[in-house]
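Following the hints, complete the assembly by docking chain B onto the known chain A.
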Amino acid sequence: MKSFKNLLVLLLVGFIFSCEPQIDNPVGTGNLGDLVGNGEKIVYVAIGNSLTAGYQNGAVYASGQEYSFPKLLAHQLGVEEFIQPQIPEAGIGDKMTFAGFNALGRPIINRNGITLSPVGNANHPKPYHNLGVPGMIAYDLIDESDYLARSQQRGNPFYSSILRSQNLGSNILKQAIALNPNLITLWAGNNDVLGYATSGGTISTTGMPNNPVPTPKEQMQQIFGGALQLLSGSLPKAKILMFTIPDVVGTPYFNVVPWNALVLTKQEDVDKLNQAYAALGFKFKLGQNGFVAQSPSSPGGLKQLTKEDKITLACPQDSLAAGWGSSKPIPNQYVLDANEIQITKNAIAEYNQIIKSMESAFSGKVFVIDMNAIFAGILSNGYKVPGSATLTNAYISGEFFSLDGIHPSSRGYGVVTNEIIKYINNKFKADIPYVLVQNLPVTKVSK
Amino acid sequence: MKKLLLGLIAILLSNSIAFSAGFQINDHSARSVAMGFSTVAFNPDASAIYFNPAYAAFQDGTLNISAGLAYIMPGAKFTGPTTMNRNYTETLEKWNFPIPHLFANWKTPIDNLHFGLGVFVPFGLGTQWPEDWYGRFLAKKTYLEAIEINPNLAYSFALGGMPIAVAAGFGYVIGAVELEKNLSTFTPEPVLNLKGNGNGTTFNFALSALILDNLYFGASYRHNIEVEFEGDTKYQNISGLEALFQEAPGKAKINFPNDLRAAFAYKISPNFVIEAGMNYVGWSSYDTLKIEFEKGPGNPSQPYTSAAERSYKNIITYRLGAEYNMDKTSIRFGVYYEPMPVDVKHVEPVLPETDRIGVSAGLGFSLLDNLNMDLGYLLITGPQTEVVGNPNLFDGYYNAWANIVCLTFSYAIK
Chain A
1 MKSFKNLLVL LLVGFIFSCE PQIDNPVGTG NLGDLVGNGE KIVYVAIGNS
51 LTAGYQNGAV YASGQEYSFP KLLAHQLGVE EFIQPQIPEA GIGDKMTFAG
101 FNALGRPIIN RNGITLSPVG NANHPKPYHN LGVPGMIAYD LIDESDYLAR
151 SQQRGNPFYS SILRSQNLGS NILKQAIALN PNLITLWAGN NDVLGYATSG
201 GTISTTGMPN NPVPTPKEQM QQIFGGALQL LSGSLPKAKI LMFTIPDVVG
251 TPYFNVVPWN ALVLTKQEDV DKLNQAYAAL GFKFKLGQNG FVAQSPSSPG
301 GLKQLTKEDK ITLACPQDSL AAGWGSSKPI PNQYVLDANE IQITKNAIAE
351 YNQIIKSMES AFSGKVFVID MNAIFAGILS NGYKVPGSAT LTNAYISGEF
401 FSLDGIHPSS RGYGVVTNEI IKYINNKFKA DIPYVLVQNL PVTKVSK
Chain B
1 MKKLLLGLIA ILLSNSIAFS AGFQINDHSA RSVAMGFSTV AFNPDASAIY
51 FNPAYAAFQD GTLNISAGLA YIMPGAKFTG PTTMNRNYTE TLEKWNFPIP
101 HLFANWKTPI DNLHFGLGVF VPFGLGTQWP EDWYGRFLAK KTYLEAIEIN
151 PNLAYSFALG GMPIAVAAGF GYVIGAVELE KNLSTFTPEP VLNLKGNGNG
201 TTFNFALSAL ILDNLYFGAS YRHNIEVEFE GDTKYQNISG LEALFQEAPG
251 KAKINFPNDL RAAFAYKISP NFVIEAGMNY VGWSSYDTLK IEFEKGPGNP
301 SQPYTSAAER SYKNIITYRL GAEYNMDKTS IRFGVYYEPM PVDVKHVEPV
351 LPETDRIGVS AGLGFSLLDN LNMDLGYLLI TGPQTEVVGN PNLFDGYYNA
401 WANIVCLTFS YAIK
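So the sequence lines, in the order shown, correspond to chains A and B.
Residue 447 is where the first sequence ends in our numbering, and the numbering goes up by one at each step.
Residue 414 is where the second sequence ends in our numbering, and the numbering goes up by one at each step.
A hint or two may mislead.
Computed list of lysine to aspartate or glutamate pairs in DMTMM-like fashion (alpha-carbon distance at most 25 Å, straight line) [what the hints assert, rightly or not]:
(1) A:K427 - B:E131
(2) A:K126 - A:E89
(3) A:K444 - B:E242
(4) A:K384 - B:E131
(5) A:K444 - B:E247
It is worth saying that the hints were derived from the structure and are not from the lab.
These numbers were taken from a predicted model, which means no experiment stands behind them.
For reference, chain A alone in the conformation it holds in the complex (with noise of 0.2 Å):
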């Protein structure tokens, strides 16, 4: 009995130390379909500009780098060589920082001012296989001037910084090729619409012969052919992904400051404007007013603003504050008017019809991935992260673009990712893990 008893105590303890249950996990395989051949390594090579340089804040930093879409893609996809211009912290270009908000709670954006640093790693003997030029425009996939006249002429250090030297190849396209990839990201083009929007239409596209504003479709037409031409002839293997130009107007560069935040409270206020403006026709009153803008396509070079126009977030909000947009109109190059809105989307619109052309005239070598639907998507739904937060279009709360409006956070580059990742995976039968954007960096607090 009593050895009965030492038993059941044996086999009770046994089984309370062997009862942790095995876990079944089911195993991402991170195949990659057809998407190179049987047994072949990917190598990657992305052609592009800001976007795919990684730029973020106004600049191009090592910590904003380490999010760049190419980067993030060549993880996710098991890239095993993947390097990328060694851009140190201070970065290059103007970079800004978040310190929080003000007792208005209003956010206090600090910019370091114009920097220049030197390239970690300007002697790599090869190509870059990050080609993000940022301020590249369409023309540049064809240009062989010289990497340092270029920046030069055009006041723009990334052609130097980036594509450094004739000897790797005398034009962006040929450094590509050079490092024989099977997979290339080619996002070209927004500049060349890019530069006039945020001007508020004031500056043509630089670097165009003749300057036209913006650059005329059927140039963007020729260059893109003719690019396509030259990669998938000289690298009959690879398989190239372009993207379709998110249309720039919803980005909270275009839609912190509000067209109507003029406030009078004095009816003398109103009076005197409304005197000083009588002959153009424009109405103020109590509360909130449109303000008064700059407009050299409109009667007497001036407008008052409509919910049609949009002030840019280059705009100094101190000046408004200080009486901007009343009795002294803002300048013109801080608004894009309803009439330069339509040239800005009507040049996107023929550019991407250009873009989503290339695939049959490419077809098996060329895939247009329309990032123009997906940007489009969340300005208007947001992007509902899994177990997290929907990102919006909203100026740092929305998460998805950086404090300079325009270009996307770490995060908003990790929503990029992903979308051609569901493409890849959908178009290619691949099982490609998907980055996990909530674990990505956004707005960083540096008080």
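The following block gives chain B in isolation, referenced to the frame of chain A:
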């Protein structure tokens, strides 16, 4: 003895209690734990105050006291969110919970009338996910406890020759809650913490019948408990963000479910009893978790109410237990099946739910004439839960389990 009891009460009322996984706690007696809680129709110790207070009227002795401690070692894993990455697995931080219990059943000078008092923890929950885990915006730390003080009157009589007992009781419940999660908009991430206390009342009644010499029936009902928690919302990592996040009072209401259990016990021989029963729990009371913030997180100029849909539903658990008495030793076994009380798509990391299978065993020792010591062990496991279509897109696989050991001393004054 008195010191020991006071010590137990002190532990009971301290702030260190709770457990995970479908947050009802039944572990209030080592004998009951060992039998998979099949102690509703036949229960010779004072823990009948919880499992079926009517049966207390059938107990011998002037005063029966049971006191002890359950030690609950829960665990859970989450793999996902599968909408993004099927390779990512996180395990709950190790967090074990000592849950004391204390029962006294007194035969009053009035014939057939017993007075019983129970102090126990009918509900509790504690989950702590790793600091930087992916679901930290849904849940990081969740803690919930409800301690009940439950006096009962039980009365026995004969109906057509059959001994019957009925009981009714009142419950006073003291609760505490803590919820902590991260907010996503800034790096470093602000942390929101809501801590509160509350209390509530409830009632219960029960029936017990000795149908035949060797056939027992018992049924026991405990009403739901509405507790309104009041406390404070606090934040960490908000340097520079003070205009958005401000400490302020907050409220949360939780309606703990009602519980109805019924069972038959059959004595195959004088030494061998088996019991089979059903246990209904009205989890639909936990349909939404509403939290009211006096100052909205992110927008302190306005109050804010968050209402998370929980979609819990009523369930029935099936239980089976057996006890074999030898000279001075008893051996016990039990098994039960408890379905998941929530629509599978609504399973959240706050409470990793699975269908649960309980398998238990234990021993009882008669140490002295009037002093028994019981040991019980219960393993709760269940099939992996696959969540698809979660409203937070937090799809994935949950595994949950618990090891529970329980020790109870029962003392009887003849």
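Cross-check of the supplied hints:
Taking the CA atoms of A:K427 and B:E131, the gap is about 37 Å. The hint is violated against a cut of 25 Å. Our distance criterion of 25 Å between C-alpha atoms is met by A:K126 and A:E89, whose separation comes to about 23 Å. Between A:K444 and B:E242 the alpha-carbon distance is near 15 Å, which keeps this suggested pair within the 25 Å criterion. Proposed proximity of A:K384 and B:E131 is supported: the alpha carbons are some 22 Å apart, at most 25 Å.
A distance of roughly 22 Å separates the Cα atoms of A:K444 and B:E247; the hinted pair therefore holds under the 25 Å criterion.
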